[in-house]
Amino acid sequence: DTEVTQTPKHLVMGMTNKKSLKCEQHMGHRAMYWYKQKAKKPPELMFVYSYEKLSINESVPSRFSPECPNSSLLNLHLHALQPEDSALYLCASSQDPRTGWRTEAFFGQGTRLTVV
Amino acid sequence: TQLLEQSPQFLSIQEGENLTVYCNSSSVFSSLQWYRQEPGEGPVLLVTVVTGGEVKKLKRLTFQFGDARKDSSLHITAAQPGDTGLYLCAQTGANNLFFGTGTRLTVIP
Numbered sequence: 001d002t003e004v005t006q007t008p009k010h011l012v013m014g015m016t017n018k019k020s021l022k023c024e025q026h027m028g029h030r031a032m033y034w035y036k037q038k039a040k041k042p043p044e045l046m047f048v049y050s051y052e053k054l055s056i057n058e059s060v061p062s063r064f065s066p067e068c069p070n071s072s073l074l075n076l077h078l079h080a081l082q083p084e085d086s087a088l089y090l091c092a093s094s095q096d097p098r099t100g101w102r103t104e105a106f107f108g109q110g111t112r113l114t115v116v
Numbered sequence: 001t002q003l004l005e006q007s008p009q010f011l012s013i014q015e016g017e018n019l020t021v022y023c024n025s026s027s028v029f030s031s032l033q034w035y036r037q038e039p040g041e042g043p044v045l046l047v048t049v050v051t052g053g054e055v056k057k058l059k060r061l062t063f064q065f066g067d068a069r070k071d072s073s074l075h076i077t078a079a080q081p082g083d084t085g086l087y088l089c090a091q092t093g094a095n096n097l098f099f100g101t102g103t104r105l106t107v108i109p
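Those protein sequences? They're chains A and B, same order as listed. Under the numbering used here, the letters of the first sequence match residues 1 to 116, in that order. Under the numbering used here, the letters of the second sequence match residues 1 to 109, in that order.
Everything labelled a hint here was simulated from the structure, so no lab data went into it. What you are looking at is a predicted structure, and each value in this text was computed from that prediction instead of being measured. Just to be clear, a hint being listed does not mean it is correct.
Each pair of labels, with its calculated beta carbon distance range [stated by the list, open to error]:
1. A:Asn70 / B:His75: 28 to 36 Å
2. A:His77 / B:Ser27: 30 to 38 Å
3. B:Leu45 / A:Lys38: 38 to 46 Å
4. B:Val44 / A:Gly28: 16 to 24 Å
5. B:His75 / A:Glu84: 36 to 44 Å
We treat Cβ as the ideally placed atom computed from N, Cα and C, and that holds for glycine.
I would like the entire structure built from these sequences, with the hints used as guidance.
Here it is as structure tokens:
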């Protein structure tokens, strides 16, 4: 099983809503990532979790709140988003943060988020 | 974080043509990966290069890592419509992965 599963696939939310994106992998990977991808742009790193601890936060606004409840799950909690936050949100995982630079990152299909 | 510039940004070619995509950095890479992303999907790893001067082949794709490990190229021979997608080089760090600016390739049948 080399799959990273993201739910939901599509999400439309208002600026006052609270929603969560979910990501799951069962490959035993200990590094998990959230990326944001705008149309026709490359993915931009948002957060990195290493052994269930937040290790990198790329100056992401506090309206995005990540959570890693266990080694298989990664959530992204959304609150008071703006229309410009509309994008494809990708989750990824890789095997071992200590050797991450030599290992493959597996990506989910993403959640297409629209903020209205 | 290094700035990874890819060129060209967009490329539209006829089926059967050859093409080369470039990835350049202002600093030395520890290692570099190439990914392809198709519409509606996440990126999928094509190759990892580690050693300066390294050349790797994957069917019709040839990847080269510069001797100084500051640049890389991807050459596709006899492009097919199935090669259409966004090609991304990526800098790999201790536990992070930063993507280049991307090359969007369209192969016209």
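Right, here's what the structure says about each hint:
1. A:Asn70 / B:His75: 28 to 36 Å: 43 Å, violated
2. A:His77 / B:Ser27: 30 to 38 Å: 35 Å, holds
3. B:Leu45 / A:Lys38: 38 to 46 Å: 22 Å, violated
4. B:Val44 / A:Gly28: 16 to 24 Å: Cβ of Val44 of chain B to Cβ of Gly28 of chain A: about 20 Å, so the range 16 to 24 Å holds.
5. B:His75 / A:Glu84: 36 to 44 Å: Check passed, 37 Å falls within 36 to 44 Å.
The structure shown violates the earlier hints numbered 1 and 3.
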